[in-house]
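Use these hints to put chains Y, R, C, P and B onto chain Z, whose structure you have.
Number of protein chains: 6
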Amino acid sequence: MTRPSKRAPDEMRQVVIERRVARYAEGSCLIKFGETHVLCTASLEDKPPQWLRGQGRGWVTAEYAMLPRATQVRTRREIASGRPSGRTQEIQRLIGRSLRAVTDLQALGERQITIDCDVLQADGGTRTAAITGGWVALSECLKWMHSRSILKDIPLRDHVAAISCGMSNGEAVLDLDYVEDSAAQTDANFVITGAGALVEIQASAEAAVFSETEFNAMLALARKGIAELVALQKQALA
Amino acid sequence: MTRPSKRAPDEMRQVVIERRVARYAEGSCLIKFGETHVLCTASLEDKPPQWLRGQGRGWVTAEYAMLPRATQVRTRREIASGRPSGRTQEIQRLIGRSLRAVTDLQALGERQITIDCDVLQADGGTRTAAITGGWVALSECLKWMHSRSILKDIPLRDHVAAISCGMSNGEAVLDLDYVEDSAAQTDANFVITGAGALVEIQASAEAAVFSETEFNAMLALARKGIAELVALQKQALA
Amino acid sequence: MTRPSKRAPDEMRQVVIERRVARYAEGSCLIKFGETHVLCTASLEDKPPQWLRGQGRGWVTAEYAMLPRATQVRTRREIASGRPSGRTQEIQRLIGRSLRAVTDLQALGERQITIDCDVLQADGGTRTAAITGGWVALSECLKWMHSRSILKDIPLRDHVAAISCGMSNGEAVLDLDYVEDSAAQTDANFVITGAGALVEIQASAEAAVFSETEFNAMLALARKGIAELVALQKQALA
Amino acid sequence: MTRPSKRAPDEMRQVVIERRVARYAEGSCLIKFGETHVLCTASLEDKPPQWLRGQGRGWVTAEYAMLPRATQVRTRREIASGRPSGRTQEIQRLIGRSLRAVTDLQALGERQITIDCDVLQADGGTRTAAITGGWVALSECLKWMHSRSILKDIPLRDHVAAISCGMSNGEAVLDLDYVEDSAAQTDANFVITGAGALVEIQASAEAAVFSETEFNAMLALARKGIAELVALQKQALA
Amino acid sequence: MTRPSKRAPDEMRQVVIERRVARYAEGSCLIKFGETHVLCTASLEDKPPQWLRGQGRGWVTAEYAMLPRATQVRTRREIASGRPSGRTQEIQRLIGRSLRAVTDLQALGERQITIDCDVLQADGGTRTAAITGGWVALSECLKWMHSRSILKDIPLRDHVAAISCGMSNGEAVLDLDYVEDSAAQTDANFVITGAGALVEIQASAEAAVFSETEFNAMLALARKGIAELVALQKQALA
Amino acid sequence: MTRPSKRAPDEMRQVVIERRVARYAEGSCLIKFGETHVLCTASLEDKPPQWLRGQGRGWVTAEYAMLPRATQVRTRREIASGRPSGRTQEIQRLIGRSLRAVTDLQALGERQITIDCDVLQADGGTRTAAITGGWVALSECLKWMHSRSILKDIPLRDHVAAISCGMSNGEAVLDLDYVEDSAAQTDANFVITGAGALVEIQASAEAAVFSETEFNAMLALARKGIAELVALQKQALA
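Taken in sequence, the protein lines are chains Z, Y, R, C, P and B.
According to UniProt numbering, the residues represented by the first sequence are 1 to 238, in order.
According to UniProt numbering, the residues represented by the second sequence are 1 to 238, in order.
According to UniProt numbering, the residues represented by the third sequence are 1 to 238, in order.
According to UniProt numbering, the residues represented by the fourth sequence are 1 to 238, in order.
According to UniProt numbering, the residues represented by the fifth sequence are 1 to 238, in order.
According to UniProt numbering, the residues represented by the sixth sequence are 1 to 238, in order.
Chain Z extracted, bound-state conformation:
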């Protein structure tokens, strides 16, 4: 059984991380998972969101959007309907939670960092690319703050990265592209730290329910993929 992309079941697409691509942002990178390209920027604000004021802690939040022609067929801008779709909101909440899980918000102090993830081209896995690249932009931003003595230490506890897995024709496969994603029976996204701790699991029966064995096979693949992504993050920042 071969995958549409001819990749081995445990083979990720080629991942490229190019940092410092946005001239004005405090941190940024362009991350590519094959034909999926996401521009991630980190923007520092001097105060935390309204509801957190006066508590001595900071916040990391994320926003996510897709350019209209990132997709094979043009997608209507969300502004046309006046509000972000449920899918968009779900994704940006996921990115925010994932990045906060490895950030020491106390040490960040009363500030907010917004990670904007804008999908320039979409071929499946945009949310996992956004988390993985978002961590690089966040990391760059924190180093920038450190270099200007805004922070004494870098308040990051670990790397965090994300990857999708799926059950495709009864076999667990790693890093689905759009074609594979559309056909998968089950779709799962894993967010895992550099040390291998779990941050988020979202597994969903699309066309068929799944067994615990299948779930474990996907998790094992994810661990392999995350290890590679963390290595690439390290290399990009080096």
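Check before you lean on any hint, since a few could be wrong.
[Unchecked claim] Below are the DSS-like pairs computed for lysine-lysine, each with C-alpha atoms no more than 25 Å apart in a straight line:
id, chain 1, residue 1, chain 2, residue 2
1, B, K32, Z, K32
2, R, K152, R, K47
3, C, K143, C, K47
4, Y, K6, Y, K47
5, Z, K224, Z, K234
6, C, K32, P, K6
7, C, K143, C, K6
8, R, K152, Y, K32
9, Y, K32, Y, K152
Don't read these hints as lab results, they were simulated from the structure.
Just chains Y, R, C, P and B, lined up with the frame of chain Z:
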């Protein structure tokens, strides 16, 4: 280590399912997980949503909302901000996917069933109560259709139910109430069929990342809870 | 000439008021006018609305909504169109004005009480049930405040209740249900205090204009109905 | 006891109706109740609203708005909040119902007439001026249709006009201006036909509840005012 | 070649400016360019917009709208779509910029003047009428402030007026009405001061691109028109 | 007098056009005016917009947006306010008109091409870059259609490009960057065809009114800039 509610780690709250509570709906139930009360109704429409017309299949969708004083402190109605929050949209998408996973949409034919889940009182776990009660309302609706010869068979492949688990002070616990949910390090929702197949897993590090061992402990508890919920569903429909 | 419900022209539906149904609200009741069921809760806030700050007075306001399957055919949630309908706004303004007419806002002090009226089931007369039940929830809330020494006295000047009347086949009838309401030539809502003073009159020619004699016949019926409702309010609070 | 305007209790402001003021509308008038000025236009459309198609009947609807500087202090445009206020919706529903009560919608045929009532200057009583002037614009429009043989007869059963009354310092007064309206204990709007039949009554306790005697005093004043308004409508159309 | 209106190529429509038409506004005028009628009011506020606070300067802004039956065929109110159209926003930004260009915002002090331009009747050229009449309303407002010693001097540097020109059948023409505007190959709006300085030029190829010679012919006509408008402004204020 | 960028008054920033940057679009380019980077894509749809159906003609329209961190300080996404700003709408209308001015819509047939212009980085002049790059994307799309025999000929009458000019310290300068734009007394945008015909002129007094001589100086500079841009468009497409 005792839970705030004095329940054992693997002990659910008392669950009560009262069906046929809405005079006009084709199916309905009021489901209580302790102090969490959700009114679930099923409404049949003669045609599927626009985007599915002419494909010979039906659709099951869900909407979710909370009465403003379901909560300890009054919550502003979502209409005041003009749109459902990200959380609301995330929950209603989850309920819909969960119910579709056990429904034979082909056999349903070109129709739509909308499951409305309105939280009358909220003490944690509203989404899991909504899925578990939503299945009862859906089931009642399909039986109503069958009794009127709209359907030859009941197009349901299995039961589906949902339960939350969490890591609380380092221990896995079943069916979090609001107090426990607010304090949990990790929060996970499991949607599982009567036969024990997995439908959805959403696990999220709230205050601390989690290990695979912890995840497996939560999954084991969830399996126990789901078995009890499915037994209650059967009893309610008897 | 008989009414669809076989009731006498001056006969109300069975009215039931069950108080303390919402665990968290400062006051609440479930009121039933036959098959019309409205859940009314009172929520206390420590400060008045923005525009009233610093004037030493409080405010009572109301919000009204219907569950989507309260009705015979499912009604789309108002959130789907992004704003409350004209009818909803008209009703919530009416409930608020009616309750304020018997409340001593000066004595309430710089606070706000919000009365939420959520229709669980609708068979005509939801706004009159909401006012009648809203008064019970408000009253419970004020007693709760008094019992906690937030208020020295109960700042309520009188009971207030509401009932609909109509001209149906040339005859004045009391307390229209949905079938009768749809067919009535004229539709009138009366809000009257325990002492018999008038608070609001809304009379509207639906299918035919009406005479002063007809109006007076409806008003006389309304007075009879209000007296019964006030007696039921007293009994519920006893 | 004198009124702020020195008018007698049963004395209306000077009312002026100038018709054919809008070059393009099928019917129009500018109506002045003292310093309250409302521009009313009637616009004919060849088809009824969507929900009425194919039933052989027509529709009359109304829209109401105020110019931002119609008022003493500038009022924010409703477009700024993205939706008409509850008050605006209540008023436009009232105007529409009032005009439909005297129109033979069957005889109008499958068409819609929209009455736009735009308040150029506001000194109280804008809704009653809008109904009274709206009838003139509607009437002009129907005559225009008749003159072009679109209609065989004028499908109007009677005149309709509206006036406000109030209880001011314990006395019933006719046609409140802004100052009086703000201070009135009770505020009532009456819509009455040329033949004296009742169309709408909206009476509301503002600062104090009211008795049946007071209500009847206001109704008697309203009848006097309506008679004068109908005479002015006749004169304007002559 | 004659124009539809029989006017000479360099002939404006009859322009009439009637000031002090709005009882409550600090400044106002009704301006007519032939059958185009715009009501302009100036409203003074004691503080500048939020973003300008504390800078010692004031602001002049404008809002623009059309009554629904200002046009030959009724136009839907913008409130129905929940937001001002692109065209409306473009026009109100243009009016605001044009008036600010001749106002000494420093001398105005920390205040805001809002110019509301409401089109009562539309026959082409509404934005140019709004600017020309808006200046009169602004001027009246500033004089009112001066007369009450709110301002020591009138902080207006010059007159400003606006006129449209077009290329119609190869010929430059002044002050297009609706029929001419719809048919013009090129449409240009010029905003010019009393001293002849340029404030805004907006020239747009509608049906055909245009040459520099054509542009200069339109500009020459505009200068002639503006001179006439400024004379009329002076006369109106005399 | 030197410019902040040290450029000569008639010197443009370095302009780079890279085409075929969007994998899925029918036409695309990334255009850079110095540090201003705009991604332009052309998307073909098989039918024209609703209002143009059945007239045998096609349509070219444009949408414009900025990534939140395109700017020096992060800009809030427009989705947060539920609607595109006035500025955004003005720009996208301008781009659309400019491209339609050189397109033979009749020859395009009943189709629509949407040009999306998304600003990745903003340093002034985004709208002029968008028009210049939009023409390249449109041109690529039309060639793609021609190559697939959807069109017999390329329905483009000419090149079109745009450039800004300004009066800066009394001197006319070409192609303003952000710093210069913020400080300019006058700001003008010119849209001109390959043959030198004028398509759009938008000149606006920002800090000071301007003379005809100044305007002509800016126009002369614009002509020089447009000639260079058209040469670059040709080179890019070669």
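Cross-check of the supplied hints:
1. B/K32 x Z/K32: Since the Cα atoms of B/K32 and Z/K32 sit roughly 22 Å apart, the hinted pair holds (cutoff 25 Å).
2. R/K152 x R/K47: holds, 18 Å
3. C/K143 x C/K47: holds, 18 Å
4. Y/K6 x Y/K47: violated, 49 Å
5. Z/K224 x Z/K234: With Cα atoms ~16 Å apart, Z/K224 and Z/K234 stay inside 25 Å; holds.
6. C/K32 x P/K6: violated, 37 Å
7. C/K143 x C/K6: violated, 39 Å
8. R/K152 x Y/K32: violated, 38 Å
9. Y/K32 x Y/K152: The given pair, whose Cα atoms are some 32 Å apart, is violated under the 25 Å limit.
Checked against the numbered hints given earlier, the structure breaks hints 4, 6, 7, 8 and 9 and satisfies all the rest.
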